[in-house]
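Asker: Since the structure of chain A is provided, determine the placement of chain B on it from the hints.
Just so you know, the protein sequences line up as chains A and B, in that order. Under the working numbering, residues 32 to 801 are what the first sequence spells out, in order. Under the working numbering, residues 32 to 801 are what the second sequence spells out, in order.
Just so you know, the hints here were simulated from the structure itself, not pulled from any lab data. Treat the hints with care, since some could be wrong.
Since the list can't tell identical chains apart, any single copy or any two copies may satisfy a pair.
Taking lysine-lysine pairs in the DSS-like style, the calculated list, with each CA pair at most 30 angstroms apart, reads [claimed, not checked]: (1) K669 x K789; (2) K669 x K120; (3) K745 x K789; (4) K57 x K597; (5) K797 x K479; (6) K459 x K669.
Because the structure is a prediction, the values reported are computed rather than measured.
Number of protein chains: 2
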Amino acid sequence: MKDFYEELEDSLSSGAGAQVPHPQEKIAPWGETRIVGKALPRVDAYERVSGAAEYTYDVILPGMLYAATLRCPHAHAMVKSVDTSAAEKMPGVVSVLTGKSPGADIPWYGGRPAQSKLFDPHCRYEGDEVAAVAAQNPYQAWDAIKAIKVEYEKLPFVIDEETALKSDAPKLHEGGNTTGAPRTSQRGDVAKGFAEADVVLEETFVTDIQIHVPMETHGSVVKWDGDKVTIWDSTQGVYDGVLIPFARTMGMPINNVRAICRYFGGGFGSKLELSKNTVIAALMARRTGRPVKLMLSREESLLAVGNRPSAKMTLKAGVKKDGTLTALQLTSIATCGAYSGGASVGFQVGELYKCPNVQISETTFYINAGRARAFRAPGFPTGNWCLEQMMDMLAEKIGMDPVDFRLKNFTEVSQSRKNLPYSSAGLKQCLIEGSQAFGWKEARSAKKSGGHIRRGFGMAAGMWQGGAGGPPYTAEIRMFNDGGVIIKTGAMDIGTGTKTAACMVAAEELGMPLENIRIENADTAVTPYAQNSGGSMTLPGLVPAVRRGAWLVKRQLFEWAAESLKVPADTLEFQNNAVVVRGSPDKRAVIQELMRAHGVNDVIGIGNRDPNPSDKVTMPFAAHFAEVEVNTRTGEVKVVRLLAANESGRVINRKTFDNQVFGGMTMGLGYALTEKRVLDRQTGKMCNVNLHDYKVPTSLDVPADHRVIAIDPKDTECNIVGCKGLGEPAHVPTASSIANAVYDAVGVRPTRGPIEPKTILELLSKKTRG
Amino acid sequence: MKDFYEELEDSLSSGAGAQVPHPQEKIAPWGETRIVGKALPRVDAYERVSGAAEYTYDVILPGMLYAATLRCPHAHAMVKSVDTSAAEKMPGVVSVLTGKSPGADIPWYGGRPAQSKLFDPHCRYEGDEVAAVAAQNPYQAWDAIKAIKVEYEKLPFVIDEETALKSDAPKLHEGGNTTGAPRTSQRGDVAKGFAEADVVLEETFVTDIQIHVPMETHGSVVKWDGDKVTIWDSTQGVYDGVLIPFARTMGMPINNVRAICRYFGGGFGSKLELSKNTVIAALMARRTGRPVKLMLSREESLLAVGNRPSAKMTLKAGVKKDGTLTALQLTSIATCGAYSGGASVGFQVGELYKCPNVQISETTFYINAGRARAFRAPGFPTGNWCLEQMMDMLAEKIGMDPVDFRLKNFTEVSQSRKNLPYSSAGLKQCLIEGSQAFGWKEARSAKKSGGHIRRGFGMAAGMWQGGAGGPPYTAEIRMFNDGGVIIKTGAMDIGTGTKTAACMVAAEELGMPLENIRIENADTAVTPYAQNSGGSMTLPGLVPAVRRGAWLVKRQLFEWAAESLKVPADTLEFQNNAVVVRGSPDKRAVIQELMRAHGVNDVIGIGNRDPNPSDKVTMPFAAHFAEVEVNTRTGEVKVVRLLAANESGRVINRKTFDNQVFGGMTMGLGYALTEKRVLDRQTGKMCNVNLHDYKVPTSLDVPADHRVIAIDPKDTECNIVGCKGLGEPAHVPTASSIANAVYDAVGVRPTRGPIEPKTILELLSKKTRG
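One chain only, chain A, in its complex shape (with noise of 0.2 angstroms):
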């Protein structure tokens, strides 16, 4: 069983999205737009700052019991028996359950070949789940929690890449500590690359552990009635996230299951598949009759539901004095955790410039810790930490500047998808307009040195290997006698503004205001397929489907009311209930009258994605820029601003577009700066699952000066309404360009991520050493 990321990676590379044969009628790209592209508030802004919006949190159903999970405090253990019996004499507790239960022995799929159990007795790391129970309510369910009685047989444990790839280490799996043989690819040949080079610079770059940090912790509500269940759940796919696996996970026909999830708090790649919580909440759901509520705490989320993996890369690279990349060659180790697989760093490296001799190798090991899962743009922000210092690193041995020298190697066809063009190929305008909004040239030449202060400017660019989106993705949309429109998608909001964007999508191509535009999304029984809300695929998957279905609802009036005005339909347009003659608002055929004469009070339109073109590649792309103060004496760095010009095809949202942006980056810096999971070493237990020292970026951390610019190279290619993805992009570059920037600052170049305070302080100390 491949993973969401995986799969996406291989629909790719066989370019299977664009095989999909569906002929629909062609629609036009839109002209003039008069609402797709301002700033607008989203539809559902009241709701969300008011509180009316139901989260999974907020579900809350007659009956309902409340679940916890006991996991195992250590890294490496082996269950030798459970005792439940004091736990299941406590106040409020209804049921315990644990892998001996009925039912409960289900196999589960951390990643490839069944791994492990839903509750294995073989622990792989702290956080593996034994036991749980469900009570009255959730203080009693902890409680019992504790009071359960495990034996464990303590195991040694391996938690880097280093020991874990020794042969005597304590192994995970029966298949040893690596995912699998080495992934490579190639094209050209590298040593003759690395030969026509003047220079050849080679570096190794290590990144750490980034965890996932969504303000909504996962969880599940779930409830039985009879043989069909409900689930509401904190996912990013209702469908694929939920419906199906859990049908499979069950053994039960999928339409006897419900999933829902009309509000999202944040998943960032961690909820796309089916979790542990839905499958226990639904077991104790079953086995008392009662709703069953599993909510997870905030140290299980930050032990258990994922991560962006740490890797350790060595770069080759080779350049002639032009300024023309020759080779590239990419040696990565990677560690994944305790279950899953992982995340190509390389696809980036071999795709963001024009270069023809490229090889790539990676490998990933297990390690006694929380598993890695799909993190925003997986691969990428880790794999653009190295390919963008390097960047940096040969333009100062040329002599060139790194805007300059990215400008050079810019590319408008994919090195990877067989050299076909892009269907707009952004970063040329990202790194012009990008570095003229910033200032660039003028910054670093204008740039004083002295003080124990430094400032420095750094740039990266970077790109996004998905961000097309494509089919299937059906969007219903319904217009009522009244000319109200109601839109339904399965389709996740996760928090990008899904719902807004297509709204006005429909009010654009139905030429009606937004006000009449309404939507209701994620709940399987009644709003159509969406495939997963990841991989900056949901806008260019649904809007376009949104924008055919609207077309079709269109058609289907604007044919009536021209047989009723005796006019040809395309000289008609909407105004409030009627179909009015385009300047003759008099000629009008009110909608309910049209409609009621045609034996209906509503028409739908089913709107299906088009396929994605069969000779052009998709992705969108970006050019991120920092300005830092460090501090030599603390060793302390500042963003102090930053500037990210993004082209992600047509702008649907201005407001949404920045916002998104600006939430990359602000997740970048984290990445740059402070975000690490720390293992102790004499335990294997992870010493910060919490928010003091787990530190993600708080409105403190955010520089003030930031700004977004919108490149709109005006795709008419990619799909019907000329938007790719955005919501990776926008976190690719970021962290980067903050390293480049403190290169430029201080002279040193943090190749370790994150860049604290102590790795400055012994660069710098090297430096004077040296």
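Answerer: Only chain B this time, still in chain A's reference frame:
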């Protein structure tokens, strides 16, 4: 503004339904059916019996308040002042609402022109709304209601039609005490008809008020999110019963309103229109910023939510010796309570039998009592009470068997609708098969006399003017990639099994097992338009749309499979998750692969209801048979046997068919024997405002020996499923059949209903004296 049944009558008499042009491809009638026609349990039986089903009463929202209503305790009064100051200070009270509260001065349409306000100072019956309270719990709300001080000016009142028609009677409305000019209709020449007759009889029949007693009382839960509102309402129609009239009453865009009613505890016509409780809850929810629940008490339900009007009907009828009806002349005076319009009792008199000369005149009076609302076949059980007793009187006079007499006057063409033929005219078979199954002739001839317990056998025929159903109705059928199907419809399941029938029809059309089909209904945000559930039109309105939608889905999948398997589409069928060649199941195309190849994961068919044929009239028919024992000492009537022969086109589910007819007969039994509203002549107040004194039949009142005969006329004309409505014709002739049986038992005719013991004793005593 016309009410539901008035609009129905209009559309039927104008043939509007038949004129809707909606060209859809022809679908042939089913041949042999696999599922349709079987006796199957309801698809939601588990939810209903387990308590999992969420009725409006079950809706509990965080922070929800409970409301109660202060009602005028006088039959007729003017509110001089309302002092809410004490109530406002009571524990838990959050808001007190009166007609003087901002935004509460809302005109209210009880029937035609605006006759009242939401809180009208002119209270026209005991039960008119005066004020409302919202509090933390219902007990606090009721306590506060009692603390509101109201100064009333009591007015003279009128509670019967005889007083109401006097010129010096207290006036309820500015226009006087009649709802308008007498409603008249005629064909032929009754004078000529009476002249041609061998026998002419005239008799006056009286019926009393029957009150709706739904298990779930009226009520609403209303929640505002900014300017959007969600209403959970115990309603017979989320669209026409709530969404549209609520938006109109509040002056809101329809699209900002969402109405939901997934489970429903009975209405019988009393929940077809927007109720004051919905608007009161909405106003209080908006004022308080919290959800408000307002469920009526049983007492309020009996007082204020509706009833079947009483009528005093004088029917004159002429017949030839051979049994040919020559003329029918009806004059009816009815009451409708304080506000509503009331329904025609005359239609059936002019429609059920072949009769060339008919004259009808009906007048309705306002009285100071709870208003009439549509009640299961409005007017028809009442009209049937006089027509079917008169038929027996005529039969006796000319010495013909009552069944033979009715068969003699049987008609295959609609008497009122331009003599158009019925799409199916099953009355003949109802009479023949019903009397055979009942053992009619044998029972009547073998009857013994003597003793104080007299046995009698009676029958009555009946029909219903609705029951055709028609557009608009939209049903959405979605097949997911595993072959699972979800039906979406805005239609209510008002207890009749609509959801089950819809699933059976979809399963039949798709050739799939019923387990594959799931249904979601009655939520205006996610389910498409459906009409109010009333008029016995839901099944024949909805299921043809369901069949159409399923047919569209099947056609799409079969087309794809035919292409893939290179066979003609008409050789294909569904089998589990695949399309297979009939008889060669190894030639198969897996649905998931078919969908994937066409870029979708679900296929949705939008089924619109086809228009009805313009050259046919569709109505359902019934003949009911009763066996009674009359105790000549006490006057008690015991119904010992009931048999119904009902013809409503194709039977979809034999179990819900039988249940519905049984329910109709039971309600008819109450109408015949026990149900009546008792008003106190001194005060005008209702005496029997509880279920002890207002007597609906219980299990002990229903004869254990009851039987339902389903006549299937193989109607291929009415619609593409062939079914007609059942709910109302199931109720129409029962009471009359019991009255006729009483006459057969004791030789006195109970022209006044209900047939109370004292009535029997009076009649027997008059007969003895006479």
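Asker: Is it within, between, both or neither when you check K57 against K597 at 30 angstroms Cα-Cα?
Answerer: both (25 angstroms within a copy, 28 angstroms between copies)
Asker: Using 30 angstroms as the alpha-carbon threshold, which applies to K459 and K669: within, between, both, or neither?
Answerer: This pair counts as within: shortest intra-copy Cα distance 28 angstroms, inter-copy 93 angstroms.
Asker: Tell me, please, which holds for K669 and K789 at an alpha-carbon limit of 30 angstroms: within, between, both or neither?
Answerer: The answer is within: 14 angstroms in one copy meets 30 angstroms, while 97 angstroms across copies does not.
Asker: Is it within, between, both or neither when you check K669 against K120 at 30 angstroms Cα-Cα?
Answerer: For K669 and K120, the Cα distance exceeds 30 angstroms both inside one copy (54 angstroms) and across copies (57 angstroms).
Asker: With identical chains treated as interchangeable, where does the CA-CA distance between K797 and K479 reach 30 angstroms or less: within a copy, between copies, both, or neither?
Answerer: Intra 23 angstroms, inter 122 angstroms, cutoff 30 angstroms: intra-copy only.
Asker: Reference check for the pair K745 and K789, CA-CA at most 30 angstroms: within, between, both, or neither?
Answerer: Result: close neither inside a copy nor across copies, 46 angstroms intra and 88 angstroms inter.
Checked against the numbered hints given earlier, this structure breaks hints 2, 3; the rest are met.
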